[in-house]
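A.B. asks: Based on these hints, arrange chain B on the given structure of chain A.
Residue numbers (my numbering), protein chains in the order written: chain A, 1 to 240; chain B, 1 to 305.
Just so you know, these hints were derived from the structure itself, not from any lab.
Note that this is a predicted model, so its numbers are computed, not measured.
We put the beta carbon where it would ideally sit given N, CA and C, even for glycine.
Take the hints with a grain of salt, since some may be wrong.
[To be verified] Stretch-level coverage of chain A by chain B, calculated; a stretch enters the list once three of its residues show a Cβ under 8 Å from a Cβ in chain B:
1. 8-21
2. 24-37
3. 40-54
4. 197-208
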Amino acid sequence: MKGGVHLFLQMKQLSECAVLVYVSEAISEQTHARIQHVMQQIQAQQMQGIVEIVNGYTNVCIYYDPVMMKKQLAHMTGNTTGQKVMTWLREVLQQPTSAVEQTGRTIDIPVYYGGEYGPDLAYVAAHHNMTEQQVIDIHTSGNYFVHMLGFAPGFPFLGGLDARIATPRKETPRLFIEAGSVGIAGTQTGVYPLATPGGWQIIGRTMLPLFLPNETPPTLLRAGDRVRFVAVKEDQSCYL
Amino acid sequence: MLLVKKPGLLSTVQDTGRVGFQQYGVIVGGAMDTVAFTIGNALLHQTNEAAIEMTMFGGTFVFTKRTTIALTGGAMSPTINGRCVPMYTAIPIEAGDVLVCGAIQTRAYVCIKGGIDVPIVMNSRSTYTKAAIGGFHGRALRKGDELLYRETTPIVQTKRVHAKPFYEPRPIRILQGTEWERLSYDVREAFCAATYRISVSSDRMGYRLLPNAPIDITEPFQLISEAVTFGTIQLPPSGEPIVLMADRQTTGGYPKIGQVIYADLYRLAQYAPNDVVTFQVVTLEEAEAAYEKLARQLRLSTLLL
Numbered sequence: 001m002k003g004g005v006h007l008f009l010q011m012k013q014l015s016e017c018a019v020l021v022y023v024s025e026a027i028s029e030q031t032h033a034r035i036q037h038v039m040q041q042i043q044a045q046q047m048q049g050i051v052e053i054v055n056g057y058t059n060v061c062i063y064y065d066p067v068m069m070k071k072q073l074a075h076m077t078g079n080t081t082g083q084k085v086m087t088w089l090r091e092v093l094q095q096p097t098s099a100v101e102q103t104g105r106t107i108d109i110p111v112y113y114g115g116e117y118g119p120d121l122a123y124v125a126a127h128h129n130m131t132e133q134q135v136i137d138i139h140t141s142g143n144y145f146v147h148m149l150g151f152a153p154g155f156p157f158l159g160g161l162d163a164r165i166a167t168p169r170k171e172t173p174r175l176f177i178e179a180g181s182v183g184i185a186g187t188q189t190g191v192y193p194l195a196t197p198g199g200w201q202i203i204g205r206t207m208l209p210l211f212l213p214n215e216t217p218p219t220l221l222r223a224g225d226r227v228r229f230v231a232v233k234e235d236q237s238c239y240l
Numbered sequence: 001m002l003l004v005k006k007p008g009l010l011s012t013v014q015d016t017g018r019v020g021f022q023q024y025g026v027i028v029g030g031a032m033d034t035v036a037f038t039i040g041n042a043l044l045h046q047t048n049e050a051a052i053e054m055t056m057f058g059g060t061f062v063f064t065k066r067t068t069i070a071l072t073g074g075a076m077s078p079t080i081n082g083r084c085v086p087m088y089t090a091i092p093i094e095a096g097d098v099l100v101c102g103a104i105q106t107r108a109y110v111c112i113k114g115g116i117d118v119p120i121v122m123n124s125r126s127t128y129t130k131a132a133i134g135g136f137h138g139r140a141l142r143k144g145d146e147l148l149y150r151e152t153t154p155i156v157q158t159k160r161v162h163a164k165p166f167y168e169p170r171p172i173r174i175l176q177g178t179e180w181e182r183l184s185y186d187v188r189e190a191f192c193a194a195t196y197r198i199s200v201s202s203d204r205m206g207y208r209l210l211p212n213a214p215i216d217i218t219e220p221f222q223l224i225s226e227a228v229t230f231g232t233i234q235l236p237p238s239g240e241p242i243v244l245m246a247d248r249q250t251t252g253g254y255p256k257i258g259q260v261i262y263a264d265l266y267r268l269a270q271y272a273p274n275d276v277v278t279f280q281v282v283t284l285e286e287a288e289a290a291y292e293k294l295a296r297q298l299r300l301s302t303l304l305l
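So here's chain A without its partners, still in its complex pose (with noise of 0.2 Å):
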């Protein structure tokens, strides 16, 4: 990707203390590799008052401390620090650069599909007409993109579900969902890294834990990484 001037930058304020900088109207992976860039570009500034930044599927969240960018910002134009940061952050962003190396990894995901694990996959099949094998088939044949984590810590918002195998949300959530479960919902496949209550159509599960508190960092899966969904049998190995 080239680096240079981003043609599209739509900021909002989402409270004194963070702005949601847009650079795209559109989820792709072109869009990531812009949103990888801009948060690149921003943290090699090692503005004092940046507290963190946070990705999401068209945008960045800009988390700082107010009265420190005040201090920092206090030659910017703008009536508000706010309006500082925006000011800042544009400065920033337009300045040419050389472009870095995407370096997205792939994962596999072993699961168990069906049965005990996947008490949703028959639904799923003859919501399609077809056979639950089918179901698999599609599923695992997928490359997925990982745009960014969020709802539960680990969580992957995954780009690419075939649409012969998207299905719409349980009418009644469940009050119980196990962590690894590997859902449906609407044109979106994830997999729960907790166990919670949802809706999601449960095909499968997986025993490889995508939440790691105690490792650097704390997740399995990161924004930029593909995914594919492997289809395991109970009598193999967990961990290709």
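C.D. replies: Okay, now just chain B, sitting in the frame of chain A:
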């Protein structure tokens, strides 16, 4: 150690929360009333040491070693060995002392010299109950729990912090939310005009608000998931706003109609179910000025301790 004789309604170990991990979907969490937490630690000449946050009904704790504590937050009538003790000052503790907290309006902190000694998980000692990590074994305190702390010589302190000015009853000031312009005039009018009762199904993740007059959302819309923060007011299709609090998820898809200003968040944290909230829309200038004023007030109130 600190022995939990009675845990109270909901008591958890908290500090200022996990900063720097939201990009992994890990919540910030931490103390709901950040001002009470800060003052409690300042009274003990320390910053961000883990404390016990108690909700609505506090615990009964036995201290087996000498230390110093400070009790801050919502009104409570605590006793030590049956004797009334004041809030908002440092209290010397001898081995065997029994602290009984009783009813609280609504959240209070037992701050302790050197902090509660629980493992640090992702830079914080705060309890993240939904992920069962942090704090004391990732859960609320139960009868029989033993919390560790370092024995220290008790401090005798006569200085008190005057907390009442921080909690004068006033409307909760809010900024217009990021989807304010997208919502219809009628919805915005109805939202601003309403008063809200805090529903009993409110918790550390968020307060569900019940408006005194319905807010009809004729054209509901959702966003793709994006960042939310402490005090973000979401407006789901039901028309019952949700104010996101300390244990909120990192992202959300409902329209954001408002944002509680930082300087009023700690006051909102002292509201209980069935309390009534009114909002007042302010500008970013006013929100930033209030932020700076609060920071100054906190510094001044703890300067001479």
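A.B. asks: Tell me, in ascending order, the numbers of any earlier hints that this structure violates.
C.D. replies: Hint check: 2, 4 fail, others pass.
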